[in-house]
Every structure is written in C-alpha cells, then in structure tokens.
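Construct the entire structure; sequences and hints are all you get.
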Amino acid sequence: MSSNPKSSNSAVDFNQVPDTRGHFGPYGGRFVSETLIYALDELEALYRKLKDDPEFQAQFDYDLAHYVGRPSPLYFAERWTKETGGAQLYLKREDLNHTGAHKINNTIGQALLAKHTGKKRVIAETGAGQHGVATATVAARLGLECHVFMGEEDIHRQSLNVYRMKLLGAEVIPVTSGSKTLKDAMNEAMRDWVTNVDNTFYIIGTCAGPHPYPELVRNFQSVIGREARQQSLTQAGKLPDALVACVGGGSNAIGLFHPFLEDESVAMYGVEAGGFGLDTGKHAAPLNDGIPGVLHGNRTYLMEDENGQIIETHSISAGLDYPGVGPEHSWLKDVGRVNYVTIDDDEAMAAFRNLTKVEGIMPALESSHAVAYAEKLAREMDPDQMIIVNLSGRGDKDILTVAEIDGITV
Amino acid sequence: MNRIKQRFESLRQQGRKALVSYVVMGDPAKDVTLPVMHALVENGTDIIELGIPFSDPNAEGPVIQKAHERALEHGSSLRDALALVKQFRETDSDTPVLLMGYTNPIERMGYDTFIENAVDAGVDAVLTVDLPPEEAEEFNEHLKQANMENIFLLAPTSSPSRQKKVTDMAGGFIYYVSLKGVTGAGNLDVNSVKENVTSIRALTDLPVCVGFGIKDGASARAVADLSDGVVVGSVLVNQIAALAEQGETNPATYAEAVSVIIAEIREALDKNTLDK
Chain E
0 MSSNPKSSNS
10 AVDFNQVPDT
20 RGHFGPYGGR
30 FVSETLIYAL
40 DELEALYRKL
50 KDDPEFQAQF
60 DYDLAHYVGR
70 PSPLYFAERW
80 TKETGGAQLY
90 LKREDLNHTG
100 AHKINNTIGQ
110 ALLAKHTGKK
120 RVIAETGAGQ
130 HGVATATVAA
140 RLGLECHVFM
150 GEEDIHRQSL
160 NVYRMKLLGA
170 EVIPVTSGSK
180 TLKDAMNEAM
190 RDWVTNVDNT
200 FYIIGTCAGP
210 HPYPELVRNF
220 QSVIGREARQ
230 QSLTQAGKLP
240 DALVACVGGG
250 SNAIGLFHPF
260 LEDESVAMYG
270 VEAGGFGLDT
280 GKHAAPLNDG
290 IPGVLHGNRT
300 YLMEDENGQI
310 IETHSISAGL
320 DYPGVGPEHS
330 WLKDVGRVNY
340 VTIDDDEAMA
350 AFRNLTKVEG
360 IMPALESSHA
370 VAYAEKLARE
380 MDPDQMIIVN
390 LSGRGDKDIL
400 TVAEIDGITV
Chain V
0 MNRIKQRFES
10 LRQQGRKALV
20 SYVVMGDPAK
30 DVTLPVMHAL
40 VENGTDIIEL
50 GIPFSDPNAE
60 GPVIQKAHER
70 ALEHGSSLRD
80 ALALVKQFRE
90 TDSDTPVLLM
100 GYTNPIERMG
110 YDTFIENAVD
120 AGVDAVLTVD
130 LPPEEAEEFN
140 EHLKQANMEN
150 IFLLAPTSSP
160 SRQKKVTDMA
170 GGFIYYVSLK
180 GVTGAGNLDV
190 NSVKENVTSI
200 RALTDLPVCV
210 GFGIKDGASA
220 RAVADLSDGV
230 VVGSVLVNQI
240 AALAEQGETN
250 PATYAEAVSV
260 IIAEIREALD
270 KNTLDK
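Protein chains in written order, with numbering that gives the first Met the number 0: chain E, 0 to 409; chain V, 0 to 275.
Keep in mind that the hints are not guaranteed to be accurate.
To be verified - Pulled from the structure, derived: some chain V residues nowhere near chain E, Cβ distances all over 12 Å: (1) 42; (2) 51; (3) 115; (4) 245; (5) 256.
Unchecked claim - Chain V stretches covered by chain E per the calculated footprint, using a threshold of three residues with CB under 8 Å from any CB of chain E: (6) 75-82; (7) 123-134; (8) 146-155.
Worth flagging that the hints you see were computed from the coordinates, not collected in a lab. Only a predicted model underlies this, so the values are computations on that prediction, with no experimental measurement involved. Each residue gets a CB set at the ideal place from its N, CA and C atoms; glycine is no exception.
Encoded structure:
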C-alpha cells in the first residue's frame with residue numbers, strides 16, 4: 000500500500016512514523032531515566048525480530064481467532080440509525096471480544112513477546128481495569144505471575160474488575176501516590192519495571208509511553224481497523240465516510256484509524272472526555288485543551304499547570320481519566336488528519352442509556368463518548384453516508400457507577 | 000571556570016573524595032531549604048544537588064517521591080528553586096549547585112528562559128532525569144553556550160556502547176547509579192560498582208560519582224575508594240520526612256538534623272583518604 004504514490008497529501012506518509020527513534024513528528028521518543036534504556040532496547044530488538052516473523056504472526060492470528068474470538072462483527076445498528084436520523088451507524092463490536100474490550104488484542108501480542116523473553120512475571124497499569132483484566136487473563140493462560148498497578152481511586156470506581164483480576168490470579172497493587180489514578184499507576188509500574196527488569200515484562204495498555212510501546216501497541220490494535228475496512232467493503236460495498244472512537248491514551252482509536260489513514264475520503268473523529276465541560280478545566284481532553292510536554296516517556300499533548308506540573312483530570316469514565324495521550328494522536332492532530340472533539344460526562348451517560356435501550360447493547364462509559372459524538376455527527380450527515388463507531392468495550396463493569404448516579408444500591 | 004570543574008580539581012589536589020548532597024527544593028516548606036543547604040556545606044558537602052519538585056517523579060522511590068509531594072503541597076516550583084539558588088549565592092559563591100529534575104517543568108519554562116535564569120541565579124549544572132542523550136541535543140547546546148554542565152546518569156545495565164554515548168555528551172561528572180531500580184532502593188554491590196566505574200573511566204576523563212544506596216559513612220567509604228565521590232540523597236530526605244511528620248516547623252532543626260548525617264559521612268570519606 001505504501002509503495003503506491005499518493006496524488007495529494009503526499010507530504011505526509013502515514014507509514015513512515017514513527018522514525019527509528021520512535022518519533023511521530025515532534026512527538027513520541029524515549030524520555031526515560033538511563034536505568035530503563037536497557038529494558039527498552041531489549042524490547043525493541045525483540046519486537047523488530049518478531050514483527051515480521053511469519054511464525055509469530057501466525058501465533059498472534061491464531062490466538063486472536065480462537066481465544067479472543069475475532070474477527071469482531073461490524074454491526075449495522077438499524078434502530079439506532081433510525082432513531083438518530085442521518086448517516087448509517089455501524090458498530091465495530093470490540094465489546095464482544097473475550098474479556099469484553101479491545102484491550103485483549105494488545106495483551107495477546109505483548110504476552111507473546113513476553114513468552115519469547117522467558118520472563119516469568121508481567122506487570123501492567125490499569126485505569127478502568129479493562130487492561131488489567133486483559134493482562135491478568137493472558138498471564139493466567141501462560142502461567143505467568145501478574146501484578147497490576149491500579150490507583151486507589153480507580154479501585155473504588157471499578158471494584159468489579161478488581162475482583163475479576165483477583166479471580167484470575169493476579170495481584171492488584173493499590174497506588175496511593177499523586178492523584179491515585181491511571182497516571183500514578185503508570186509511574187508505579189515504571190518504578191517496578193526498572194527494579195525488576197531481569198524477570199519482568201511490562202505490558203503497557205495504551206499507545207503511549209516510551210518507544211517502542213506506542214508503535215507496538217498500535218500495530219497490535221490495528222487488527223480492529225484492518226477488519227473494519229474489509230468488513231465495510233464486503234458488507235456495505237464501500238469505505239465508511241467517518242470513523243469515531245473515544246480517546247484516553249487512544250489505543251482503540253489508533254487501532255481503528257491507522258489502516259484507514261491513507262483513505263482520504265474517510266473522516267476521523269477522536270473523542271476526548273469533556274468531563275464537567277471544557278470550560279470548567281475539569282476534564283481529560285489534552286488534545287483540545289492541553290499543550291505539548293513530556294510525561295511517561297514520551298512527548299505529547301498534556302494537561303499541566305503553568306509550572307509544568309501534571310494536573311488532575313476528571314472523567315466519569317476511569318479509562319479516559321488520563322492527562323496525556325498517545326503521541327501518534329498528537330501528531331495526527333497537528334497534521335490535521337484526525338479531528339479531536341469532546342463529549343462531556345452527561346452526554347456520555349445519555350448515550351450509554353440510549354444505546355442500551357435502542358439496540359440492547361450496553362457500551363462501556365469510555366465507548367459511550369464515541370457513541371454520543373457519533374449521534375451528533377450522524378445528524379449532520381446524509382442517510383446514504385456511513386459512520387463506523389468503535390464500540391471499544393462493554394458496559395457491564397460500569398453498572399455500579401451508573402446505579403450510583405441513579406441513587407440505587409445494587 | 001565552572002565551579003564543578005574547580006571543585007573536582009581542588010579535591011584531586013587534596014586527595015579527597017567529593018560529597019554530593021541531594022535535597023528537594025521546598026521540602027517540607029520553602030523556608031527550610033536555604034538553611035539546610037548552608038548546613039550541608041558547613042558539614043562537608045562539596046556539591047549541592049537540588050531536586051526540582053515534579054508531580055510525576057517516576058525514577059524515584061517512595062522516600063523521594065513523598066518529598067516531591069510535600070514540596071508540591073505548597074506549590075514549590077522551578078521558579079522557586081532558581082530564586083533559592085540566587086539567595087544561596089548571596090553568602091556562598093564557591094559551592095557548586097546542580098539542579099536535578101524532570102524535563103517537563105524546564106520545557107514549560109522554555110530552554111532559553113530557564114538557562115538565562117539559571118545563569119543569573121548561579122546554577123552550575125543540570126541533571127534532567129528523563130532526558131537521555133538521544134533527546135537532549137537541543138538542550139545540551141543551550142547548556143554549552145551558557146557554560147553549564149550537563150550531568151548524566153549511567154546505570155549497571157548501561158552497555159559499553161551506551162556508556163560511550165552518554166560520556167560523549169556528559170559534562171561535570173558522571174553520576175553512576177549503583178543499583179537497578181529507583182532511588183533509595185536495595186543494597187550495594189561493590190564488585191559491580193568497581194567493574195562499571197573502571198569501564199566508564201576508560202571512556203572519559205570526567206570524575207565519576209556513585210549514588211543510589213549510600214546510607215551512611217560505611218557505605219560511603221565502600222564506594223569512595225572505587226570512584227571520585229558519592230551522592231547522598233534518600234538518607235537526608237528520610238530525616239527531613241521524619242521531622243515533617245512530627246510537625247516540625249523550625250528550619251534550624253532541619254539544618255541540624257542533616258548536619259549530623261553529613262558530618263558522619265564526611266568524616267568517613269576523609270578517614271578513608273587518610274587510611275590509603
């Protein structure tokens with residue numbers, strides 16, 4: 000595909016990023032302490048070796064088919080489309096994957112890498128708990144010791160997932176530093192990794208962090224977009240007009256977007272968490288209201304104060320409650336290929352309820368942000384146009400949060 | 000000449016080892032750090048390493064992490080650290096001061112503004128924990144033009160080619176991290192320190208100081224023979240934390256407490272020199 004010269008937009012070659020040092024334009028890179036360089040070099044060398052190895056690919060594809068249950072359906076949501084009015088709404092059903100979210104695509108891939116290193120212990124950070132569950136799951140399957148770092152705040156918000164991880168044999172380590180959420184869990188995981196690098200593989204859950212993680216996670220998650228592209232051609236006989244996905248760190252979004260980047264007719268919308276509203280400052284939308292800086296090993300858009308301190312974010316959804324974003328998204332924003340928009344807590348909640356009632360599909364609160372934006376977008380588009388929404392996860396884990404809002408004790 | 004070069008030169012002439020002391024700016028209060036810095040110098044510190052508080056200090060262990068949190072509670076910032084160094088220089092024009100921190104606060108201020116203010120304040124060197132040589136080219140140019148040293152870490156896991164890359168860009172001295180892991184962790188492996196310091200010395204004329212895991216006079220002595228000096232951090236910050244927890248507000252009490260620790264380590268380092 001990349002060998003075909005593109006007529007326009009040729010200044011930007013989406014297959015040429017990141018460069019060999021992990022840069023997406025000015026973003027990405029490897030901003031870590033010297034103590035971590037060795038571990039990252041080792042990981043990069045392993046990934047370069049296995050990336051195009053047919054045996055590794057075959058194993059990855061096999062696991063995705065037989066363990067995860069791929070391909071996930073591309074579902075035409077007919078009733079939702081009718082009720083919304085406007086463009087045809089399709090859902091990429093990542094919620095139907097084993098463990099209930101897109102996160103498993105990446106953990107399957109990284110666990111295969113871990114297996115090649117011979118390391119017996121994996122660690123992960125988690126916000127909503129989906130990545131923690133996905134990591135605990137692959138660790139159980141491979142017989143690896145698994146420690147998951149999770150902010151104390153998120154442990155309260157996502158108690159069901161905490162219990163799932165424990166049942167899967169993982170140890171959930173509460174993180175009490177800083178804001179006690181995903182960013183602090185990531186700090187703690189990096190501290191653990193640097194201390195235990197000899198026997199530990201760090202499975203990062205999103206397309207952020209030091210090189211090569213953003214590239215590696217993107218490539219593992221791109222199965223979403225590859226399937227969706229093929230399914231769209233087969234089922235609708237054409238490419239979609241727009242893609243919509245929520246963006247916290249942004250792994251489900253980059254997974255859907257990446258295989259479509261060169262399809263100029265396909266518009267893309269990454270939906271950040273607007274929290275209480277952009278103007279309140281209490282949100283998690285660095286691409287809409289942040290500036291570039293350095294955190295967690297990469298340069299990217301961040302939420303920070305005038306002294307360069309990272310500020311606490313807010314979102315109703317734990318999985319989007321993160322002050323940074325994957326560096327490729329920062330670059331895609333700057334080059335203008337993807338539009339980054341926001342949906343606030345209330346809009347996401349309304350979309351959660353609506354999709355549940357209209358389609359019998361309960362979206363994760365994270366994915367509900369994409370669902371809400373897709374409704375807005377569909378109304379501005381023609382009925383013969385088509386939108387694919389990444390339904391990145393199912394909402395079962397959020398039932399307690401929703402019940403609490405409704406004043407119900409479950 | 001840069002104060003760091005001067006200091007190592009005079010230490011070499013005296014046959015003594017360098018003692019580098021780390022505290023976090025504004026821990027636990029803004030008025031504590033200046034008397035602490037002076038006390039560190041009076042009791043034998045050769046180089047002050049001043050930590051810039053950051054919200055996400057992910058190379059630090061729990062002890063120094065909490066120091067960053069205490070400092071941030073009342074809004075200590077890079078700006079405050081620069082003002083503090085300026086104040087320190089009013090009565091101490093000899094002791095080198097090294098700022099140690101993370102990239103983001105410096106970038107937020109802007110390289111130009113930062114360097115201009117750092118020169119004006121009398122800062123001699125900068126150690127940016129999360130800015131390895133690959134990402135440091137632009138910053139390094141700025142530092143060079145201002146005659147400021149760029150201090151880098153090397154770790155037990157740094158390969159020989161890595162050691163070369165780092166020493167090629169480094170100035171001032173090489174900060175050898177004696178352990179895998181975060182600050183304040185674990186126990187010292189003297190043999191591994193020896194091996195690595197030897198291979199670093201084959202690559203550079205810069206002095207090599209060893210940090211992470213030095214807790215007292217005895218551990219300081221153990222590595223001093225193998226290197227040009229030691230860096231002491233967590234043991235000082237621990238003492239500050241203990242006082243902070245007791246609700247101590249008198250800066251003089253903090254100054255006295257760190258004096259005791261540093262005096263013991265200095266004595267052990269100098270005794271080591273005499274014993275040789």
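Structure-based check of all given hints:
1. With a least beta-carbon separation of about 29 Å from chain E, residue 42 of chain V lies farther than 12 Å from that chain, consistent with its non-interface assignment.
2. Not every CB of chain E is more than 12 Å from the CB of residue 51 of chain V (nearest about 9 Å), against its label as outside the interface.
3. The non-interface label for residue 115 of chain V is consistent with chain E: the shortest C-beta to C-beta separation is roughly 17 Å, beyond 12 Å.
4. Separation of residue 245 of chain V from chain E is adequate, the least Cβ-Cβ distance of about 21 Å exceeding the 12 Å criterion.
5. Residue 256 of chain V, annotated as away from the interface, keeps every beta carbon of chain E farther than 12 Å; the closest lies near 25 Å.
6. For the segment 75-82 of chain V, the assignment as covered by chain E holds, since 3 residues bring a beta-carbon within under 8 Å of that chain's beta-carbons and 3 suffice.
7. For the segment 123-134 of chain V, the stated coverage by chain E holds: 6 residues have a C-beta nearer than 8 Å to a C-beta of that chain, and at least 3 were required.
8. Counting residues of the segment 146-155 of chain V whose C-beta lies closer than 8 Å to any C-beta of chain E gives 4; at least three are required, and the coverage claim holds.
Consistency note: the structure conflicts with earlier hint 2 alone.
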